[in-house]
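**Q** Once you know that position 4 of the sequence shown is 4 in our numbering, the rest is easy, because the numbers rise by one and skip nothing.
Incorrect hints may have been included.
Straight-line alpha carbon distances no greater than 30 Å define the calculated DSBU-like cross-link-like pairs of lysine-lysine that follow [said to hold, decoys possible]:
(1) Lys56 x Lys72
(2) Lys59 x Lys72
(3) Lys4 x Lys112
(4) Lys71 x Lys52
(5) Lys52 x Lys29
(6) Lys59 x Lys30
(7) Lys119 x Lys5
(8) Lys71 x Lys107
(9) Lys4 x Lys72
(10) Lys89 x Lys71
(11) Lys107 x Lys90
(12) Lys47 x Lys26
(13) Lys123 x Lys89
(14) Lys22 x Lys97
(15) Lys60 x Lys28
(16) Lys97 x Lys5
(17) Lys71 x Lys97
(18) Lys29 x Lys72
(19) Lys50 x Lys4
(20) Lys71 x Lys29
(21) Lys42 x Lys26
(22) Lys155 x Lys119
(23) Lys47 x Lys59
(24) Lys29 x Lys60
(25) Lys22 x Lys50
(26) Lys22 x Lys56
(27) Lys30 x Lys56
(28) Lys64 x Lys22
(29) Lys97 x Lys112
(30) Lys71 x Lys59
(31) Lys89 x Lys52
What follows is a list of derived Cβ distance ranges for each label pair [said to hold, decoys possible]:
(32) Lys155 x Glu122: 21 to 27 Å
(33) Gln25 x Asn173: 35 to 41 Å
(34) Asn175 x Tyr116: 41 to 47 Å
(35) Asp115 x Asn15: 42 to 48 Å
(36) Asn19 x Phe153: 30 to 36 Å
(37) Tyr116 x Lys64: 25 to 31 Å
(38) Lys152 x Asn180: 19 to 25 Å
(39) Lys152 x Lys64: 44 to 50 Å
(40) Asp85 x Val6: 25 to 31 Å
For the record, the hints were derived by calculation from the structure and aren't laboratory data. Fair warning: this is a prediction, and the values are worked out from it, not measured in the lab. Glycine included, each C-beta is placed from N, C-alpha and C at the ideal position.
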Amino acid sequence: MNDKKVNIGIIGLGNIGANLYKYIQKNKKKIYQLTGCHLNIKYVSAKNIKKKRIVKINKKIWLKNPFNIIKKNVDIIIELIGGSDGISKKIVEQALKNNKHVITANKALIAKHGDYLSKIAEKNRVNLEFEASVAGGIPIIRALKEGLATNKFKKVTGILNGTCNYILSEMENSNNTFKNVL
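Take these sequences, add in the hints, and give me the full structure.
**A** The following block contains the structure:
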């Protein structure tokens with residue numbers, strides 16, 4: 001089994017970022033047993049260091065300026081800020097141009113700039129992983145790209161968003177209108 005250390009920088013520590021941090025810290029041994037990779041959260045950054053979070057984060061790994069994480073010795077940048085433009089786009093773009101792999105759950109960013117960012121990733125031979133931003137996190141992208149690569153799809157239709165699924169289920173179960181459920 002490979003014995004590799006993977007340094008990670010997490011940018012954005014809202015609900016998703018804090019829970020990801022907690023999950024990685026809690027499951028380091030199990031992840032290593034399954035993958036042979038030692039995950040090391042080397043740096044984190046978020047807008048407000050004083051915000052109360054579900055996890056206690058060592059101040060030594062905290063960087064006030066998220067762009068500084070890109071300059072550090074990290075293999076993967078995890079962007080969890082949100083928004084299609086502004087800082088989230090600049091961080092992902094700069095990380096890819098600096099040969100860092102990027103993982104994002106940012107739906108708006110991928111919807112608006114996914115093609116552009118994918119081209120940067122391809123040019124720099126790094127991965128732009130965005131499965132968490134599509135279909136409510138259902139692992140569909142890799143299945144389509146790799147498992148069904150020889151098939152020709154004209155389109156994929158369906159409701160692939162957790163919020164939409166919740167609203168439609170609630171409308172059906174409560175016999176309520178869209179406006180009321182929303």
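**Q** Indicate, hint by hint, whether the structure satisfies it.
**A** Here is how each hint holds up against the structure:
A distance of roughly 22 Å separates the Cα atoms of Lys56 and Lys72; the hinted pair therefore holds under the 30 Å criterion. For the proposed pair Lys59 and Lys72, the alpha carbon gap of about 16 Å is at most 30 Å, so the pair holds. About 34 Å separates the Cα atoms of Lys4 and Lys112, which puts this hinted pair outside 30 Å; it is violated. Distance hint between Lys71 and Lys52 is fulfilled; the C-alpha atoms sit about 27 Å from each other, no more than 30 Å.
Taking the CA atoms of Lys52 and Lys29, the gap is about 27 Å. The hint holds against a cut of 30 Å. Distance check on the hinted pair: Lys59 and Lys30 sit about 25 Å apart at the alpha-carbon level, within 30 Å; holds. Distance restraint check for Lys119 and Lys5: the Cα-Cα separation of roughly 27 Å lies within the 30 Å cut-off, and the hinted pair is therefore satisfied. Between Lys71 and Lys107, the direct Cα distance comes to roughly 25 Å. Compliance with the 30 Å bound is thereby established for this hinted pair.
Taken as a hint, the Lys4 and Lys72 pair is honoured in the structure, with Cα atoms around 18 Å apart against an allowance of 30 Å. Taking the CA atoms of Lys89 and Lys71, the gap is about 17 Å. The hint holds against a cut of 30 Å. For the given pair, Lys107 sits about 15 Å from Lys90 by alpha-carbon distance, which is consistent with the 30 Å threshold. With a CA separation close to 24 Å, the supplied pair Lys47 and Lys26 stays within the 30 Å bound.
Of the supplied pair hints, the one linking Lys123 and Lys89 holds, its CA atoms being roughly 17 Å apart against a limit of 30 Å. Pair hint Lys22 plus Lys97 holds up; C-alpha atoms about 29 Å apart against a cutoff of 30 Å. For the hint pairing Lys60 with Lys28, the CA-to-CA distance comes to about 20 Å; that is within 30 Å, so the pair holds. Annotation: proposed proximity of Lys97 to Lys5 holds, straight-line Cα distance about 22 Å (limit 30 Å).
Pair hint Lys71 plus Lys97 holds up; C-alpha atoms about 11 Å apart against a cutoff of 30 Å. Using a Cα cut-off of 30 Å, the hinted pair Lys29 and Lys72 holds, with the two alpha carbons roughly 25 Å apart. A distance of roughly 33 Å separates the Cα atoms of Lys50 and Lys4; the hinted pair therefore is violated under the 30 Å criterion. The suggested pairing of Lys71 with Lys29 holds, with an alpha-carbon distance near 28 Å, which does not exceed 30 Å.
Annotation: proposed proximity of Lys42 to Lys26 holds, straight-line Cα distance about 15 Å (limit 30 Å). Of the pairs offered as hints, the one joining Lys155 and Lys119 holds, with about 22 Å between alpha carbons and a cut-off of 30 Å not exceeded. In summary, the hint linking Lys47 to Lys59 is supported, as the alpha carbons are separated by about 14 Å, within the 30 Å threshold. Proximity of Lys29 to Lys60 is assessed by CA-CA distance (about 22 Å); at most 30 Å being required, the pair is judged to hold.
Simply put, Lys22 and Lys50 have alpha-carbon atoms about 17 Å apart, close enough for the 30 Å limit, and the pair holds. A C-alpha spacing of about 9 Å is found between Lys22 and Lys56, which places the hinted pair at or below 30 Å, so the restraint holds. Only pairs whose Cα atoms come within 30 Å are accepted, and Lys30 paired with Lys56 is accepted, the gap being roughly 21 Å. For the suggested pair Lys64 and Lys22, the alpha carbons sit about 20 Å apart, so the restraint of at most 30 Å is met.
For the hint pairing Lys97 with Lys112, the CA-to-CA distance comes to about 19 Å; that is within 30 Å, so the pair holds. This hinted pair checks out: Lys71 and Lys59 have alpha carbons roughly 19 Å apart, not beyond 30 Å. About 26 Å separates the Cα atoms of Lys89 and Lys52, which keeps this hinted pair within 30 Å; it holds. Separation of Lys155 from Glu122 is about 23 Å and conforms to the stated range, judged on CB atoms against 21 to 27 Å.
Judged by the Cβ atoms, the range 35 to 41 Å given for Gln25 and Asn173 holds: they are separated by roughly 37 Å. A hinted range of 41 to 47 Å for the beta carbons of Asn175 and Tyr116 is consistent with their spacing of about 44 Å. The given range of 42 to 48 Å is broken by Asp115 and Asn15, whose C-beta atoms sit roughly 28 Å from each other. The beta-carbon spacing between Asn19 and Phe153, approximately 33 Å, falls within the hinted interval of 30 to 36 Å.
Taking 25 to 31 Å as the suggested C-beta distance range, the pair Tyr116 and Lys64 conforms, at roughly 28 Å. Take Lys152 and Asn180: their Cβ atoms lie about 42 Å apart, and the range 19 to 25 Å is violated. Between Lys152 and Lys64, the C-beta spacing of about 49 Å keeps the proposed range 44 to 50 Å intact. At about 29 Å, the CB distance of Asp85 to Val6 agrees with the hint of 25 to 31 Å.
The structure fails hints 3, 19, 35, 38 (numbered hints given earlier, in ascending order).
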